[in-house]
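Let the hints inform the model, and build the full structure from the sequences given.
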Amino acid sequence: MRCKYNLEDIIKYAEKNLCKEESEEIEEHLKSCDKCNTIYNSINLTNHYVNSNVNYKESVLHSIEKSLDKKRYINRKKWLFSIDRFIVNNRKVIRSTLTIACIIFIMMLFFKNTEIDFKEVILSLKENVNYNEAGAGDAKEQDIPSEKDEEQDLLGEEIKEDGVDDYIQSPDGKMFAKVVRRDVGIFDSILITDKQEESYKVVLENIIYTGINDFYWVNNNLIALCGHKNPSANIYVVVDAYYKEIIGEYYGLAFTWNKNKDKLYYVKTSPHFGSVSIGDKIVDTEGNVYYETDESELLTSSLAISEDELNFVFFVRESNAYGYKLVIAKMGDDKKLKKMAELNTSYGEIKFIDNISFTITDIEGGIKKYSIEDL
Amino acid sequence: MQNDDILITNILNGNMDSFSTLVFRYENRIYKFLIKLTSCREDAEEIMQDVFIRVYNYLYRYDSKWSFSTWIYSIAFNSFKDYYKKKRKLSSKKYDYQTGDYLETCSYMEEDYETKELYAEVVKLINSLKYDQKTALILKHIQGFSYNEIAKILGVSSDNARMKVLRAKKAISDGILKLKRGTEK
Numbered sequence: 001m002r003c004k005y006n007l008e009d010i011i012k013y014a015e016k017n018l019c020k021e022e023s024e025e026i027e028e029h030l031k032s033c034d035k036c037n038t039i040y041n042s043i044n045l046t047n048h049y050v051n052s053n054v055n056y057k058e059s060v061l062h063s064i065e066k067s068l069d070k071k072r073y074i075n076r077k078k079w080l081f082s083i084d085r086f087i088v089n090n091r092k093v094i095r096s097t098l099t100i101a102c103i104i105f106i107m108m109l110f111f112k113n114t115e116i117d118f119k120e121v122i123l124s125l126k127e128n129v130n131y132n133e134a135g136a137g138d139a140k141e142q143d144i145p146s147e148k149d150e151e152q153d154l155l156g157e158e159i160k161e162d163g164v165d166d167y168i169q170s171p172d173g174k175m176f177a178k179v180v181r182r183d184v185g186i187f188d189s190i191l192i193t194d195k196q197e198e199s200y201k202v203v204l205e206n207i208i209y210t211g212i213n214d215f216y217w218v219n220n221n222l223i224a225l226c227g228h229k230n231p232s233a234n235i236y237v238v239v240d241a242y243y244k245e246i247i248g249e250y251y252g253l254a255f256t257w258n259k260n261k262d263k264l265y266y267v268k269t270s271p272h273f274g275s276v277s278i279g280d281k282i283v284d285t286e287g288n289v290y291y292e293t294d295e296s297e298l299l300t301s302s303l304a305i306s307e308d309e310l311n312f313v314f315f316v317r318e319s320n321a322y323g324y325k326l327v328i329a330k331m332g333d334d335k336k337l338k339k340m341a342e343l344n345t346s347y348g349e350i351k352f353i354d355n356i357s358f359t360i361t362d363i364e365g366g367i368k369k370y371s372i373e374d375l
Numbered sequence: 001m002q003n004d005d006i007l008i009t010n011i012l013n014g015n016m017d018s019f020s021t022l023v024f025r026y027e028n029r030i031y032k033f034l035i036k037l038t039s040c041r042e043d044a045e046e047i048m049q050d051v052f053i054r055v056y057n058y059l060y061r062y063d064s065k066w067s068f069s070t071w072i073y074s075i076a077f078n079s080f081k082d083y084y085k086k087k088r089k090l091s092s093k094k095y096d097y098q099t100g101d102y103l104e105t106c107s108y109m110e111e112d113y114e115t116k117e118l119y120a121e122v123v124k125l126i127n128s129l130k131y132d133q134k135t136a137l138i139l140k141h142i143q144g145f146s147y148n149e150i151a152k153i154l155g156v157s158s159d160n161a162r163m164k165v166l167r168a169k170k171a172i173s174d175g176i177l178k179l180k181r182g183t184e185k
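Listed in order, the protein sequences are those of chains A and B.
Numbered according to our numbering, the first sequence spans residues 1 to 375.
Numbered according to our numbering, the second sequence spans residues 1 to 185.
Hints listed in this document are in silico derivations from the structure and should not be mistaken for laboratory results.
Check each hint, because a few of them may be wrong.
Here are the simulated DSS-like pairs of lysine-lysine, each with C-alpha atoms no more than 27 Å apart in a straight line [what the hints assert, rightly or not]:
id, chain 1, residue 1, chain 2, residue 2
1, B, Lys152, A, Lys16
2, B, Lys116, A, Lys35
3, B, Lys130, A, Lys12
4, A, Lys78, B, Lys65
5, B, Lys116, A, Lys16
6, B, Lys124, A, Lys57
7, A, Lys16, B, Lys180
8, B, Lys180, A, Lys31
9, A, Lys12, B, Lys178
10, B, Lys178, A, Lys31
11, B, Lys152, B, Lys65
12, A, Lys336, A, Lys351
13, A, Lys268, A, Lys351
14, B, Lys65, A, Lys92
15, B, Lys85, A, Lys92
16, B, Lys124, A, Lys35
17, B, Lys116, A, Lys12
18, A, Lys201, A, Lys244
Set out below in structure tokens:
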């Protein structure tokens with residue numbers, strides 16, 4: 001027969017924690033149940049052992065007397081004990097507070113580092129893409145594809161694909177600019193952020209629709225943006241980042257800044273009326289017209305100007321033929337270009353080495369060097 | 001008779017006589033507790049010296065919202081643990097059984113050989129308990145500590161303290177039952 005009492009019942013009985021009736025029941029049960037009786041005996045003996053007295057003959061005081069600093073509570077300042085006691089008694093609260101403080105500190109460090117990383121990303125982007133030509137002093141031929149331009153185009157693609165990491169830093173590092181997309185294919189503003197992290201928007205609405213070929217800092221204040229108004233009209237927009245305004249919108253080709261970046265030359269193409277061509281012009285942003293083609297020839301996007309702004313080299317195309325001609329022209333006192341020489345050569349990118357010599361890199365990568373004096 | 005709080009205040013004011021009174025008041029109880037824990041006179045005496053030195057040195061930390069006896073037993077328990085950690089006698093589970101040179105019998109056992117044998121087995125089983133179960137068991141019976149007080153001394157919850165005492169008793173009674181079954185076969 002299964003016993004109805006468990007260990008706890010026997011313990012309660014042994015420790016006299018049951019009422020009279022229950023005690024009598026168990027007492028009766030113990031007479032007949034060997035197992036419960038054994039448990040009862042072992043509990044009793046356990047209690048007896050634990051409670052049994054032990055003789056302790058000599059006071060511990062004699063053996064510890066030498067180890068005690070009897071003046072401990074006389075000599076020492078009580079406030080030191082109070083501080084120690086406060087720390088010990090409140091150690092849980094202090095530990096929790098310190099833990100929270102540590103977590104907050106680590107989080108602050110983490111977010112600070114994130115900010116640094118963000119800036120590092122921008123800097124590395126700048127180094128990789130090398131958007132800004134201002135420091136290098138190179139004349140820039142915008143429309144002739146070069147390795148550098150290809151990189152810029154790649155970034156241009158990035159701008160179109162992703163509006164997050166397309167910040168470009170000014171040469172002096174004081175400002176950042178990025179193109180903000182309003183909708184698919186429409187770039188509606190340039191966001192300029194200065195060192196104080198204040199941001200301004202320069203609205204581009206209705207200026208560029210179909211894409212951005214180029215976006216870079218001309219110098220520490222000017223941002224250039226090259227794109228298409230529509231598939232047949234190239235537009236070059238100059239934004240003054242300091243005054244946060246658009247200072248010029250130019251239609252044409254071959255936008256080329258002078259050394260000081262205060263004058264922009266470009267090819268102003270004329271509208272075509274059916275098969276009739278009126279002629280293209282090399283102009284600057286101040287309204288000067290330096291060269292004008294007759295209706296038999298067209299200017300191209302390949303134009304280079306010497307550092308002293310006296311020698312101009314550019315390609316022209318005959319309107320009725322497919323061939324290109326290289327034209328070398330000199331700036332006259334009347335601010336008009338005088339054709340000095342014409343050369344039949346492969347079309348390519350023109351780059352001045354110094355004021356009188358230049359190279360042409362053709363489409364296949366071949367480089368030819370020319371000196372104006374020889375021509 | 002001065003109560004503990006007055007004695008403590010006096011000690012903290014540099015009165016060594018009050019400390020002597022406090023030692024006389026608690027040394028027998030602490031010794032009993034320690035000898036049950038260690039089953040060895042030398043160890044119990046050595047730990048007891050450490051207990052009272054600690055009591056004297058850290059008395060300013062005593063918080064009167066605790067009862068002093070709970071506080072001194074918690075110091076005794078910590079001294080016991082530290083002592084065995086130092087001597088590497090305290091394993092994670094059990095520590096060595098020692099025969100105990102103080103083993104006593106009571107009058108009703110004197111004529112009963114079987115009970116004497118059973119008592120020796122019970123003591124063996126108590127000494128082979130996990131040290132926290134054994135401590136809980138001893139604390140429960142030495143001063144009639146409540147489970148709340150045992151919990152404070154051991155640094156566990158009250159339910160946990162109750163379970164430790166119950167498991168200790170179960171382990172002892174199971175051990176005795178097993179022994180009996182083995183003898184019968």
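Against the structure, the hints:
Between Lys152 of chain B and Lys16 of chain A the alpha-carbon distance is near 26 Å, which keeps this suggested pair within the 27 Å criterion. Restraint check for Lys116 of chain B and Lys35 of chain A: the C-alpha separation of about 19 Å stays at or below 27 Å, so the hint holds. As the CA atoms of Lys130 of chain B and Lys12 of chain A are separated by approximately 23 Å, the hinted pair is consistent with the 27 Å bound. Annotation: proposed proximity of Lys78 of chain A to Lys65 of chain B holds, straight-line Cα distance about 20 Å (limit 27 Å).
Restraint check: the Cα-Cα separation between Lys116 of chain B and Lys16 of chain A comes to about 23 Å, which is no more than 27 Å; the hinted pair holds. Taking the CA atoms of Lys124 of chain B and Lys57 of chain A, the gap is about 25 Å. The hint holds against a cut of 27 Å. With a C-alpha separation of about 25 Å, the suggested pairing of Lys16 of chain A with Lys180 of chain B holds against the 27 Å cut-off. Proximity of Lys180 of chain B to Lys31 of chain A is assessed by CA-CA distance (about 17 Å); at most 27 Å being required, the pair is judged to hold.
A hinted pair counts as satisfied when its Cα atoms are at most 27 Å apart, and Lys12 of chain A with Lys178 of chain B qualifies at roughly 22 Å. Simply put, Lys178 of chain B and Lys31 of chain A have alpha-carbon atoms about 20 Å apart, close enough for the 27 Å limit, and the pair holds. Under the criterion of a C-alpha separation no larger than 27 Å, the hint pairing Lys152 of chain B with Lys65 of chain B is consistent with the structure, at around 12 Å. Between Lys336 of chain A and Lys351 of chain A the CA atoms are separated by roughly 21 Å; this keeps the pair inside 27 Å, and the hint holds.
Annotation: proposed proximity of Lys268 of chain A to Lys351 of chain A holds, straight-line Cα distance about 20 Å (limit 27 Å). Our distance criterion of 27 Å between C-alpha atoms is met by Lys65 of chain B and Lys92 of chain A, whose separation comes to about 17 Å. For the hint linking Lys85 of chain B to Lys92 of chain A, the alpha-carbon distance of about 25 Å falls within 27 Å, and the restraint holds. Between Lys124 of chain B and Lys35 of chain A, the direct Cα distance comes to roughly 20 Å. Compliance with the 27 Å bound is thereby established for this hinted pair.
As the CA atoms of Lys116 of chain B and Lys12 of chain A are separated by approximately 24 Å, the hinted pair is consistent with the 27 Å bound. In summary, the hint linking Lys201 of chain A to Lys244 of chain A is supported, as the alpha carbons are separated by about 7 Å, within the 27 Å threshold.
The structure agrees with every numbered hint stated previously.
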